[in-house]
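Residue numbers (our numbering), protein chains in the order written: chain A, 440 to 574; chain B, 6 to 610.
There may be inaccurate statements among the hints.
Just the calculated beta-carbon pair ranges, DEER-fashion [unchecked claim]:
(1) B/Q100 <-> A/P483: 46 to 54 Å
(2) A/N467 <-> B/V84: 44 to 52 Å
(3) A/S557 <-> B/V84: 18 to 26 Å
(4) B/T94 <-> A/K461: 42 to 50 Å
(5) B/V84 <-> A/P483: 35 to 43 Å
Below are the DSS-like pairs computed for lysine-lysine, each with C-alpha atoms no more than 25 Å apart in a straight line [unchecked claim]:
(6) A/K543 <-> B/K108
(7) B/K162 <-> A/K470
(8) B/K108 <-> A/K470
(9) B/K58 <-> B/K536
Listed next, the stretches of chain B that the computed footprint assigns to chain A, with coverage defined by at least 3 CB atoms under 8 Å from CB atoms of chain A [stated by the list, open to error]:
(10) 105-115
(11) 120-126
(12) 129-139
(13) 144-158
Think of the hints as simulated: they come from the structure by calculation, not from any bench.
We put the CB at the ideal spot given by N, CA and C, even for glycine.
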Amino acid sequence: MALENTTTINLIDPIKALAQYKDLLITNTDKIVMVILGDSPGVPAGVILADKLARQITTNENLWVMEVGNHTMLKTELEQILNTAGIIQDETPYDEIKAFCLTKGARLANSRIHLQGSLSPARLTHLFREAISNS
Amino acid sequence: MKPLIYVLVALSFMLIGTAQAQDRALLSIEENNNGKMIPVSIDGPQIVEINGKLEITLNKDKILQRIKDSYPQLSSQLVIQNKIDKLETALADKQKLLNLLDKNIRNAADDRALNDAMLTFLNLAFEPGYEFLETQYDALYYEWDSKYGSNVNTPVKMEAYILSKLNTDLIQERLALKSIDNTKYSLSMVAFLKDKKGKNKDNDKDRVHIENFDNYAEQGFYEVERWVTALSSEQQTQLASMQETTAQMNVTSFNIFNDIKAKLSVYLEDLKCITTLKKEVETFLKKEQVVSSITAALQTDANNLLAEFDSYTAILSTLKGDVSSWTIDTVFQVLTQLQQVETLINDLPALIAKFKETAAAITVIAADVSALVTKIDACYTIVKAKVILVANSIGLLKNQQSNYLSSDLIGKEVLAFGIDNLPAKGYINLVGAGLRASGDQLEIDFLLRLPKSSVSDADNGTPLDSTVVNHVLERRMLTMRLIGFRSETAVGIIMANPFNYTNPEEADQVREFFYAPSASLLVKFGSRTSKFYNDFIDMGFGLNIATPDFNTDGTPEFGFGAILTAFKNILSVGINYNVTLDEPYWSIGINLPFNLPGIPINGPR
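This is chain A alone, in the form it adopts within the complex (with noise of 0.2 Å):
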């Protein structure tokens, strides 16, 4: 299935996924993106999902999903973000997390789906209703 609403980050080169990465996130802050990571099961059917979302859910901002394939690519930035927001903890390493949700123009995240979690319609919707919230 197409997805519409979703970058997919390039795995190989380093290059270009720090590009797409500063398009979507830095040089564009008007999106809500939710991040995915990694390559773990329930992954390529979340990302199908949350693309879907992001069209699906009722409200008049712009939603979008950022599938960076696994937590090697792009970690330095999004380590970064998470370390921020208090969501990197000890018991929570950057390697344990499956999705997070980025707000509009600071790009703050609030919660997180742990990799043992599930990335259901319910779940989903709530990071993007608090990115929002959070805007």
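Given the coordinates of chain A, work out where chain B should sit on it, guided by the hints.
Just chain B now, kept in the frame of chain A:
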């Protein structure tokens, strides 16, 4: 090292036990101390300020769980009711949300309002107890997605679809609740004042008003004085006469348990007719005419009847035993035996009918059979009626356990709630609780009120009557104290020992101590954390005046000084000055709350 480990392990278990007790508590009580909320833990000393304000928070989820665990007959309706309750909470903003969703173009404020309301809804779905909501949300999303997800212009928005479907669920759950055989239970909370020993005070004055839970008027403003400076009239009398004061406690509590046991004893006596009947049947079978004409069938029927009577008599003798020695625990064992008796009684009509039918065929003994059958019928009627009374009495005895609260203790002013409309909090202002003294207790009972028949149906199969049984789901006994510093007056006898004084009249005698009446103004401290300190150590420090008569001229002198007391003023030590004779002295006092003959307490000569 090992003992230390044992102690640590024991302490760990105690702490775990304590935490578990608190976790299970249905009521969380806090005292409002000038805006600072102080928790009154169920496993702590439970001491509260006697003039304080209490805030009682009810934990609905734990209440539901407790009821489901303890009263399985209510389980199905409570599960549905719980779901209805939670759905109603989740859908509280449903109409507002649907109105906002209905707008195709929303301004920024509306869009924010929509987002906030949806976020509140979703936050709730992740709270403990609301797991079903998350599952339902996901299921309904996929349902909507399969129907309309691919449409660019969907006829119904995703959120509107989910909310409407959840609302349909709510309606269906309400219908389901109506369709099941509901037991009309209700929940109430009551509070009573008790004296230091936990006994009821005057019935009309012991109710304590709990805001939100009853319509009782407050008993009148009564603030227990913190700073007492005058002797009470009782103390004045005591001081004047120095007579022994003994507190008489007339314990005339109405002992329902014994009363019911007495009635039960009479009912059991009436059940003895079967024993007599057994003898009648045996006599009948021995009659010459019967022996000569009895058929094998009638003999079998008669034997069956006798066997039944034997079983009955055996159980009855065990059941009866010595009723007077029954305890609450015995009642549970007796219930099983009672069920056996009931089974036997239910079997009797068939056996009697069979016996009558077979005997009717033998015309020679018709008259004897008829007389016997009349007696059997009469006895059966008595036994059937009395067994119900016995069952009722045993049911009542069972209810005399500690978790039973008599209906007459609960006035019509006490409000009854369902789990859905149960107030979240109740408030008690102890200043409005009427006359009370430091050390008195406040009993707070959280009750499940059930129709008696529904309880007895489950317990022993016999409806008792149509009124309500009150089961205490949780009982809290709080001790009311003046917490912190307070003043108190005390009177007693001291033994004064002058440092240097020798009575010229008694120069040839060696006399160390002189008895003297004394009165003290003491500063004391009430602890919130230690019952042992409050009830036993209870130290005081203050001023003391006394009227010793060192020169034994019959005219009391005046002495004053400082005094230190302990153990409820039983023991005191003071350093004083006899102003009249210009003599310093020290004193010791032992004022036991009782007297022995010979103690010279009636004033100095």
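Cross-check of the supplied hints:
| no. | hint | verdict |
| --- | --- | --- |
| 1 | B/Q100 <-> A/P483: 46 to 54 Å | 38 Å, violated |
| 2 | A/N467 <-> B/V84: 44 to 52 Å | 50 Å, holds |
| 3 | A/S557 <-> B/V84: 18 to 26 Å | 25 Å, holds |
| 4 | B/T94 <-> A/K461: 42 to 50 Å | 44 Å, holds |
| 5 | B/V84 <-> A/P483: 35 to 43 Å | 37 Å, holds |
| 6 | A/K543 <-> B/K108 | 24 Å, holds |
| 7 | B/K162 <-> A/K470 | 22 Å, holds |
| 8 | B/K108 <-> A/K470 | 22 Å, holds |
| 9 | B/K58 <-> B/K536 | 20 Å, holds |
| 10 | 105-115 | holds (count 3) |
| 11 | 120-126 | holds (count 4) |
| 12 | 129-139 | holds (count 3) |
| 13 | 144-158 | holds (count 4) |
This entry does not satisfy hint 1, going by the numbered hints stated previously; all others are met.
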